[in-house]
Amino acid sequence: MLVQLMIGALMIGSVYGLVGLGYGMIYKASGLMTLAQGDMLMIGAFLGLTFYKYLHLPFVVSLVFTMIIMFSLGLFIERVLVTTLLERGAQTVYIILCTISVAMVLQNIAMFAWGTNVKQFPPLFKKTTVDIFGYSVVPENLLALGVGIFCMLALHFFMTKSKFGTSMRAAAQDELAASSLGINVPLTKGASWGIASMLAGGIGVVVGPIFGVYLSMGALIGQKAFAGAVVGGYGNMYGAIVGGIFFGFIETLISAFVTVTYKDFISFAVLIIVMIIMPTGLFKEQVMDD
Amino acid sequence: MLKLEKVTIRFGGLTAVNEVDMEVPKGSIFGLIGPNGAGKTTLFNIISGVYAPTSGRVLFEEKEIQGIPPYKVNKLGIARTYQNINLFKQMTVLENVMVGCHTKTGAGLMSSILRTRRQRAEEKSVREKCLDILHFMQLDSKIDFKSRNLSYGEQRRLEIARALASEPKLLLLDEPAAGMNGREKEELSETIRRINEKGVTVLLVEHDMKLVMNVTHIICVLNYGKKIAFGEPADIQQNQEVIAAYLGDTRND
Amino acid sequence: MLNRLKEKKGLLIALAIITVVCGLMLKERYLALVLCFVCINIIAVTGLDILFGYTGQVSFGHAGYYAIGSYTSALLTLRLNLPPALAVIIAGFVSMLFGVIIAFPAAKLVKHFLSLLTIAFGQMVYIFIAVTVPLTNGTSGIVGIPHISIFGYTFSTNQSNFFLLLGVVILVFIAKKRIVDSRVGRAFIAIRENPHAANGMGINVRYYKILAFAVSAFLTGIAGALYAHLMGFISPDTFTASQSTLFMTMLLFGGIGSLVGPAIGSAILVATTELMQSFVSYQMLIYAIFILIVLFYLPNGVVGIIESLKESSRKQHTDKAVNNA
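Chains as they are written, first to last, in the working numbering: chain A, 1 to 290; chain B, 291 to 543; chain C, 544 to 868.
Pulled out of the complex, with its shape left as it was, chain A reads as follows (with noise of 0.2 Å):
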């Protein structure tokens, strides 16, 4: 019992870890904020049902070509809508709303697209259940938390290996200093944007078979992974996906142990009294207005 509830908690943990990420990049690069990465994970999950249930490709095929569209969307919006509005001035709070009217189109068109009914993906495996040491586990959790796994570890890769993704922490720390050293500063900052709705996407293809592809799906995982990104330090990679999994573990036990009704309200709890103690979060980035 307590080794599945562990597993749940990892699983659910390093979605919100690997959503908040992107909100962690994204501000990083750009110190701009998006409330979008709920409905981009909403997207992502109606597009893998697509490709895979109707289109009947390959489950790994569908999450790649979702991965592809949502880096391109995210691209999308970074490039044309964030910098036409920065280069008009516009103040932070109206980016935020911004994303917010995006996240609203997004779900306006997710329910003309696919209704507003829950769809549910074919089983991807046979069993619906595997022994691990004895344990049994819904092998769609295993397949979740192991993408889960690869992504962080293939995203820290691209991002301490990769040319591009030295570029692109150079670009976050200073930006005269990289563009003067030929960094294309404007393209690191789109793919910012475009990593970010990517891997909420792509974690929506993962997460669609555990439960169910519908409209609000992405809203509170966003908020929570949001939470999670601001408890593990905002703008820090890796305290992202630390913060995301306490979350995950902070709302799993408490639905084990507490109380099933209230865990979104705790956790939104949590959430505040984090910001009021501790208000640079666990791995210390400025948030105050000294």
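Honestly, the hints are just simulated from the structure, not real lab data.
In this text the structure is predicted, and so the values were computed from the model without any measurement.
The beta-carbon is built from N, C-alpha and C at its ideal position, and this holds for glycine as well.
Certain hints may be false.
What the hints assert, rightly or not - As a list, the in silico DMTMM-like pairs of lysine to aspartate or glutamate whose alpha-carbon atoms are at most 20 Å apart: (1) Lys293(B) to Glu313(B); (2) Lys126(A) to Glu140(A); (3) Lys379(B) to Glu817(C); (4) Lys379(B) to Glu850(C); (5) Lys161(A) to Asp174(A); (6) Lys432(B) to Glu854(C); (7) Lys720(C) to Glu413(B); (8) Lys488(B) to Glu457(B); (9) Lys414(B) to Glu457(B); (10) Lys414(B) to Glu854(C); (11) Lys720(C) to Glu477(B); (12) Lys379(B) to Asp780(C); (13) Lys436(B) to Glu817(C); (14) Lys394(B) to Glu418(B); (15) Lys296(B) to Asp311(B); (16) Lys316(B) to Glu351(B); (17) Lys853(C) to Asp434(B); (18) Lys436(B) to Asp724(C); (19) Lys161(A) to Glu140(A); (20) Lys459(B) to Glu480(B); (21) Lys436(B) to Glu854(C); (22) Lys394(B) to Glu850(C); (23) Lys488(B) to Asp525(B); (24) Lys720(C) to Glu412(B); (25) Lys419(B) to Asp724(C).
Said to hold, decoys possible - Now the stretches of chain A that chain C is said to cover, found in silico as 3 or more residues with beta-carbon under 8 Å: (26) 67-74; (27) 104-115.
Got chain A; can you put chains B and C on it based on the hints?
For chains B and C alone, kept in the frame of chain A given last:
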């Protein structure tokens, strides 16, 4: 009136102000000069409460004020202007000065909503006082302009007007002549003298040597966060260490 | 004196326009209800304006205060049998209390994190009212909330409610105008314009930020309470995160930091929502389009357009004068 005792501030490993002792006598015009990066503005920020010193004491009228927040420092009677102009851009010139009266007035939320007799009387007297100050600073033709629409020199004058509205005993001027032309600078010297004649002690940070030598009674020279000279303008001009510091500065430029 | 006259003049013109429009609309029961919605939103958005427009603190959780006001007033009248008029005022103060609680941490945070904190607050309130069945009856909502009655007169029709709400709106406008033109209002605006300089000029920034939250939450709470007594029925659906966004959209569309901005924004958005009743599935898209229009074409709202028109006409005026001379 204002006394600094071994004031030191470090940011990380950098010591921006190092054991500075200084006393500003009541009623004087006190000049604080030094090459770029000497720690003048940092010292200003310590006095006005923006930074708390790492060690040392700041005494204002025999009271320790180091580390207390800026709004309380203002209430004690120290007002300041900013090197990089910090006006309330969307507010009118008059409103900017009226904000300066904040500590001298007391109307709260309820009395404002109810427009009590006292609140109305206070508003009226604030308005009149601010108009007087604007007249004094020769800004009376601009009272209804948004402050962002003023010229650079006017904005600097408005900063002084806003500071005067809090009826300070000590006025801190952070490079008030920056960006002014010759004639404006002369008028500024005159204004500073007239403010001083009203009984306000003035602490002036300024790059323009001519203005400083012309207007101040006493000068303190900082270099690399340390006090290197102290005395009357005539003595400072002869001081070898000061000359060396400034020559060094020009070489660095 | 001149100022007082100006204030009165503006008020009179506004009243005249409102009387004409409303006279025409009030004949229809349904149109009267629309006017009531406009009034309620004006009050709520005015609350948001004090916080965001004047003090520069963003909130994406105002549906939370709206909900607290609504539920407090509904429960006070139904459970404790308090007279609705009294319950509305108490609801305002309860909402204000929550505003202050949120303001304590919020007053220290920069914009992004303030956005998040307020979103989290809005979500907490929403989840609370949706799941706490014994108190709020959960997602089924509360029915049978009585109409407001004052001195034995019950505001039971939409028409009579409109006059009541209009009265509240006028009071709110007067209060807002007086706050803005006072020492407190100047402190608010100074904080919005430059918190560091405000601090240097002797303004206790934290205190005034909290005060702005309190006033804002009070007004939005009152609006929520009035909504409950107007409709007689409330459920969590009204108090979702989209409601917070809607308040923000109304404010930005009308124009921040002005008296009429919230009125224009509320009127236009409520009208659009009502006109689009038959296209309910497009509602989100419509709101999104409104936001995008504001962001890309109306960064200062409708009020901003009016201001710039005024400015350019004034400029032409002075240009002419110069030419003539």
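- Tell me, which hint numbers fail for this structure? Numbers 3, 10, 11, 12, 13, 19, 22, 23, 26 - these are the hints that the structure violates, sorted from lowest upward.
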